[in-house]
Amino acid sequence: SAVISQKPSRDICQRGTSLTIQCQVDSQVTMMFWYRQQPGQSLTLIATANQGSEATYESGFVIDKFPISRPNLTFSTLTVSNMSPEDSSIYLCSATNRDEAFFGQGTRLTVV
Amino acid sequence: DQQVKQNSPSLSVQEGRISILNCDYTNSMFDYFLWYKKYPAEGPTFLISISSIKDKNEDGRFTVFLNKSAKHLSLHIVPSQPGDSAVYFCATFNAGGTSYGKLTFGQGTILTVHP
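Chains as they are written, first to last, in my numbering: chain C, 1 to 112; chain X, 1001 to 1115.
Just so you know, these hints were derived from the structure itself, not from any lab. Cβ coordinates follow ideal geometry from the N, Cα and C atoms, glycine included. Wrong hints could be hidden among the right ones.
Output of the computed footprint for chain C on chain X, the stretches with three or more beta carbons under 8 Å from beta carbons of chain C [as the list claims (entries may be wrong)]: (1) 1035-1045; (2) 1090-1104.
Each pair of labels, with its calculated beta carbon distance range [unchecked claim]: (3) X/1015 x C/44: 32 to 38 Å; (4) C/85 x X/1069: 42 to 48 Å; (5) C/18 x X/1068: 40 to 46 Å; (6) X/1115 x C/10: 29 to 35 Å; (7) X/1029 x C/8: 34 to 40 Å; (8) C/52 x X/1012: 46 to 52 Å; (9) X/1012 x C/62: 37 to 43 Å; (10) X/1060 x C/60: 35 to 41 Å.
All chains should be modelled from the sequences, with the hints used to inform the complete structure.
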């Protein structure tokens, strides 16, 4: 199994600012993903973090709003840019190997 | 289009009894099916999974059943304990192809186990 450290665990941000969330995995993993859970809803995939290249975004998510980096196999960042109250969610980093998926503790973001 | 559905938003059971959580899916190409438990303000915690080539997997108090013809899976918790109270998500997982590693989640079921 893999242990994922995600930080910050929570933050309250002013609208119009940006927040970068970090995700560190304790072992090399095949894939890394970023998910969002809006209040009262299920988890939705934002993008696949590709090592050394641009992330692959799901429908409804764009790089300008959610820039993602993955400089190596065990580390990724997600930035939530130009935040608005609608971005208030839990953001989760996930890492997968062959047939298992692991999650960080999540970042609870509140935009005021 | 919701590919994974958990039609019961909540379930309440008595301690010691069985909890049965259900999940339906539409895409027969998924490779694995997983159950996660999530407490408030925490990330999802992996519980148990089942490969698409099996129909049952058991781990302690947790058993997952897969009915491929009905595109239905269920999680049984026996006996239920108050500490099991959480939101349970079923998810599907692709082990290959362009969707490799991606999870598709159901909406979640809130389980409450009463002492």
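Which hints, by number, does the structure contradict? Checked against the structure, no hint fails, so every one of them is satisfied.
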